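Visitor: Final position of the sequence shown in my numbering is 236; the numbers increase by one with none missing.
Incorrect hints may appear among the rest.
What the hints assert, rightly or not - Computed beta-carbon distance windows for the label pairs:
1. Ser45 - Asn90: 27 to 37 Å
2. Gln103 - Ser45: 44 to 54 Å
3. Asp123 - Met23: 45 to 55 Å
Just so you know, the hints here were simulated from the structure itself, not pulled from any lab data.
Every value quoted in this text rests on a predicted model; they were computed, and no experiment measured them.
Built from N, CA and C at the ideal position, the CB exists for glycine as well.
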Amino acid sequence: MNEEIEGGAEPTAPVWAAFGDLMAALLGAFVLILVGVIGMQLEASSRLADEIKQRQLETQRRKTLEQALAGPLAAGRVTLVDGRIGISGNVLFAVNSDQLQPQGRALLRSLAGPLSAYLRDRDQILMVSGFADDQQVHAGNARFADNWELSAERALTVTRAFIEAGVPAGSVFAAAFGSEQPVSSNADEAGRAKNRRVEIAAVPRPAGPAAHAKAAAGAATGASGGPAGAAGKAHE
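Please work from the sequences and hints to get the whole structure.
Guide: Laid out in structure tokens, this is it:
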């Protein structure tokens, strides 16, 4: 009788052993999955923390830039529309001149630091655009041939001033638009004064050195001649 019981019990041992192996394998798989999930959560948390930190830094830079612009905005010396900083030509230059006035140079110096910080860690560069009114060149004015030359020289002057104030040379370039893209009517002096301006805007950085050189060459071409039929006349 005992032999029959013992004989019948022998097949059960391998079953329990196999079941134990299966449970061990399942437990191991569960541990691996759990470790993987925890790792993914930690990675996601790390990315989220980095994103939050980056947003906080960007917010702080934006606030610094807004604070730098607060005084000039309140005084009416600059405008801020859709992320473009507009500075009246009367603030920066005397009429028919590309030489910075003291108040204009001081204003650009006050903006250089916040603008540099704003561009830091961003894939953007500053485009300094020069604009003029549509008044004709008066007799005896040999300094500028037309509005394209006037607006180009003013944009270059502002660009150089930013570089001298600490903005990296590779993060700023000049462009000229002559009398194109007016923001007011040229029918009266008040409107023409608004059109004689310099605008500063952050734009996407070119894909590579070749594209950057091409963009710079395009800006230089526009400054010297501009598209056919787009050039205006310099204001004396």
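Visitor: If a hint holds in the structure, say so; if it doesn't, say that too.
Guide: Against the structure, the hints:
Separated by about 53 Å at the C-beta atoms, Ser45 and Asn90 break the suggested range of 27 to 37 Å. At about 50 Å, the beta-carbon gap between Gln103 and Ser45 stays in the expected band of 44 to 54 Å. Checked against the given bound of 45 to 55 Å, the beta carbons of Asp123 and Met23, roughly 53 Å apart, stay inside it.
Comparing the model with each earlier hint shows a violation of hint 1 alone; every other hint is respected.
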